[in-house]
Amino acid sequence: MLLAAVGLNHYLLVGAALFCAGLVAVMSRRNAVAILIGIELMLNAANINLVAFDHFRAQIDGQPVIDGQLFVLFVLVIAAAEAAVALALILNVFDTRDRIDVDELDTLKG
Amino acid sequence: MSDATLQTLCFVVLAAPLLGFALQYTLGRRLAKGGDLLTIGAIGASLVCSLLIAYEALQGGAEFTKTFGPWTWLQVSETSTWTIGITLDGLTAVMLVVVTLVSFLVHVFSTAYMKGDPKYGLFFAWLQLFSFSMLVLVLANNLLHLFMGWELVGLCSYKLIGFWSEKPAPCNAARKAFITTRIGDLGMMLAICILGGAVGSFEFEAIFAAAARGDIAEPWLLLAGLGLFMAAAGKSAQLPLHVWLPDAMEGPTPVSALIHAATMVAAGVYLIGRMAPMLTPDVMVVIATVGAMTALVAGLIAMAQNDIKRVLAYSTVSQLGYMFLGLGVGAWHAGLFHLTTHAFFKALMFLGSGSVIHGCHHEQDMRKMGGLRKKMPITAWTFLIGVLAIAGVPWITSGFYSKDGILSGAYGVNPLLFWIGLGGAVLTAFYMMRLYVMTFEGEPRDAQVHDHAHESPKAMTVPLIVLAALTLIIGPLAWHTLMLAPPTGVEPAALWATLQSLEAEHHHAGTVMWMAIAAGIGGLLLGWLVFHTRREKLAALKAPLAPLENAFANKFWFDELYDAVLIRPAYALGRAFKVLDERVVDGLVNLVGRGGVTTGDVSGAHDRGVVDGLVRAIGHACQRLGGVFSALQSGRVRLYLSISVGALALALLLEHLL
Numbered sequence: 001m002l003l004a005a006v007g008l009n010h011y012l013l014v015g016a017a018l019f020c021a022g023l024v025a026v027m028s029r030r031n032a033v034a035i036l037i038g039i040e041l042m043l044n045a046a047n048i049n050l051v052a053f054d055h056f057r058a059q060i061d062g063q064p065v066i067d068g069q070l071f072v073l074f075v076l077v078i079a080a081a082e083a084a085v086a087l088a089l090i091l092n093v094f095d096t097r098d099r100i101d102v103d104e105l106d107t108l109k110g
Numbered sequence: 001m002s003d004a005t006l007q008t009l010c011f012v013v014l015a016a017p018l019l020g021f022a023l024q025y026t027l028g029r030r031l032a033k034g035g036d037l038l039t040i041g042a043i044g045a046s047l048v049c050s051l052l053i054a055y056e057a058l059q060g061g062a063e064f065t066k067t068f069g070p071w072t073w074l075q076v077s078e079t080s081t082w083t084i085g086i087t088l089d090g091l092t093a094v095m096l097v098v099v100t101l102v103s104f105l106v107h108v109f110s111t112a113y114m115k116g117d118p119k120y121g122l123f124f125a126w127l128q129l130f131s132f133s134m135l136v137l138v139l140a141n142n143l144l145h146l147f148m149g150w151e152l153v154g155l156c157s158y159k160l161i162g163f164w165s166e167k168p169a170p171c172n173a174a175r176k177a178f179i180t181t182r183i184g185d186l187g188m189m190l191a192i193c194i195l196g197g198a199v200g201s202f203e204f205e206a207i208f209a210a211a212a213r214g215d216i217a218e219p220w221l222l223l224a225g226l227g228l229f230m231a232a233a234g235k236s237a238q239l240p241l242h243v244w245l246p247d248a249m250e251g252p253t254p255v256s257a258l259i260h261a262a263t264m265v266a267a268g269v270y271l272i273g274r275m276a277p278m279l280t281p282d283v284m285v286v287i288a289t290v291g292a293m294t295a296l297v298a299g300l301i302a303m304a305q306n307d308i309k310r311v312l313a314y315s316t317v318s319q320l321g322y323m324f325l326g327l328g329v330g331a332w333h334a335g336l337f338h339l340t341t342h343a344f345f346k347a348l349m350f351l352g353s354g355s356v357i358h359g360c361h362h363e364q365d366m367r368k369m370g371g372l373r374k375k376m377p378i379t380a381w382t383f384l385i386g387v388l389a390i391a392g393v394p395w396i397t398s399g400f401y402s403k404d405g406i407l408s409g410a411y412g413v414n415p416l417l418f419w420i421g422l423g424g425a426v427l428t429a430f431y432m433m434r435l436y437v438m439t440f441e442g443e444p445r446d447a448q449v450h451d452h453a454h455e456s457p458k459a460m461t462v463p464l465i466v467l468a469a470l471t472l473i474i475g476p477l478a479w480h481t482l483m484l485a486p487p488t489g490v491e492p493a494a495l496w497a498t499l500q501s502l503e504a505e506h507h508h509a510g511t512v513m514w515m516a517i518a519a520g521i522g523g524l525l526l527g528w529l530v531f532h533t534r535r536e537k538l539a540a541l542k543a544p545l546a547p548l549e550n551a552f553a554n555k556f557w558f559d560e561l562y563d564a565v566l567i568r569p570a571y572a573l574g575r576a577f578k579v580l581d582e583r584v585v586d587g588l589v590n591l592v593g594r595g596g597v598t599t600g601d602v603s604g605a606h607d608r609g610v611v612d613g614l615v616r617a618i619g620h621a622c623q624r625l626g627g628v629f630s631a632l633q634s635g636r637v638r639l640y641l642s643i644s645v646g647a648l649a650l651a652l653l654l655e656h657l658l
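Going line by line, the protein sequences match chains L and B. Heads up, the first sequence is in this note's numbering, so the first residue is 1 and it goes up one at a time. Heads up, the second sequence is in this note's numbering, so the first residue is 1 and it goes up one at a time.
Chain L on its own, in the form it takes in the complex (with noise of 0.2 Å):
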């Protein structure tokens, strides 16, 4: 029953909650690191709202759905590979710069 009263919008409502976390993470903090953290957040707040619209789609239809479920995993692996990238470029600074404060990376500036 108390399952029964769980809706989409409370999936959505978590995910949104998370995404906004991840988007301040990301928006606040200097340090890369920290960013990386805030920017898998975000992915996996999507992830939760995939996941709810695939689940919730299938009891529309009566049967099996499985394509939100499948573009998980794809953005799971894509986050992967997109970490160790970023971690090593992490690890570069760090080995020029000493430190990773992403303010201090404004050689691209016009």
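No lab work stands behind these hints: they were computed from the structure. A virtual CB, placed ideally from N, CA and C, is assigned to each residue, including glycine. Don't take every hint at face value.
[Unchecked claim] Not the full set, but computed from the structure, chain B residues with beta-carbon under 8 Å of chain L:
1) Gly635
2) Arg636
3) Val637
We have chain L; now place chain B onto it with these hints.
Below, chain B alone, put in the same frame as chain L:
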């Protein structure tokens, strides 16, 4: 002799010297002895052929006339063709022999006279071309063809007078000769244009026929005749165009003998003789008058000259005057016969003077000579024969026959001209005797010149002997045989009838002959007395005549007159044009130039201020704008994200509100 053979002979006559010139000019320096043998051979071949032609002409008698050609030279339009062709008649035959013979002897003479000259070979080359030009002129059967030879003769004379071009005087003389004869040539061009236009052909026969038929309007015929005489006066040094000939004595002496005594100046006389059938009586009067005046004036000038070659030069001018007098009064035979005899004895005297100059180591002033007969006997004796011939000593010298013929012709037509001619004859004998005495007789006046004087080598004396012999024999021998028919069978327009009656009654008898003899002998005796036997009284004789002598010595101030009337005004005109050029023309050009510069300045300022300003303004604006956006591009990732999020939020908000 067949016509084909004659034609071949004519071609050889022409080709030999032309080929000689071409070879000598290109290869002369590399040939043995500077190529003189080659050129002598060439002119010798020409001489032999000329003699054969002359023999044939003699056989043919008065009617001998042959024409070869015409060959097309230029096709100037559909209807008009310019041709070249050859006419052979008595006159041509005589001229051929005169030209080639004198030229041959001059070639031989030059081998000694020009020895050691740095341009030895070149000298012979030009002699060859000169002979060729003269032969072209003589053989021509139309005016245009003749004009070709005429101009070539002028060119060669220019090159030969100015042969020693490293000295200024020969160059000036060459220019003077060329320009003065060019003035005459203007008349020739005029005549050619008139006759060509009126007759439609340049051929002599056609012109004579048209003149006889009256096809050419009287004023045009008169003008053409005067034009031809103008050309002849330029080439043959008649008043007032005679000034170039004495100056032309700056050339080497063999050139003087060839060009300025025997052949080139003969071209003018030949032209008038050739064109005689178309000359109107008015033109004949002009010719006779100018001729007589020239004979007298040149004779007067010759009396007071001290340069041996200048005396001879003025005597040439004077004798040419006689020839024109003869032609002008209708004594056609006598005029052209005088041309022939004069060619020989004047070549003799010029070469003789060359021998003297050579023997005296290039001294030309007669005042430093005297008594040279013992030093150079051959030169002296041959020269004396020349003097006797030009004075007209009767029966033995050729000059007697020709001059007498001219004087009797004048006597019958115009007594005044006759007396002028007779006066000239006295003068001629007088100044020639003066020349002979001052050079060869009496006491030496300059010991140094006299001591070093020597007889010339054989190459110089042999031509003198040959010419002296010709001077003696040609008169008696040729008077009845060589004097040939009128130039064509066509009835002449002018005084021909008078002439023929005159010729008929003229047999070297009568008052005229005795007067001529008296004039010649009297002049010679007077000269001998004044300058030899009674020398001591010369000074006393001269005193009252000083002003006259001054006038003669200054050649009647002809050069000064031309300088004042023609040359200085020409220079003044030139200067005036120079000022005009500098002030007006250059001023205009400068004005235009300055206008251009000013326009350019304004345009430049406009360009810099307005156009460049606009461009720069645009540039600056772009730069500023770029600066603004550049500031946005801070390189701070978080700021970019903030802006994106802010913009998204704003967009969503706006969408929600609207």
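We went through each hint and held it up to the structure:
1. A cut of 8 Å between beta carbons decides the hint on B:Gly635: the least distance to chain L is about 3 Å, and the hint holds.
2. A distance limit of 8 Å between C-beta atoms decides the matter here; for B:Arg636 the minimum to chain L is near 5 Å, and the interface restraint holds.
3. Below 8 Å, beta-carbon pairs count as interface contacts, and B:Val637 has one with chain L at about 6 Å; its hint therefore holds.
Hint check: no violations occur; every hint is consistent with the structure.
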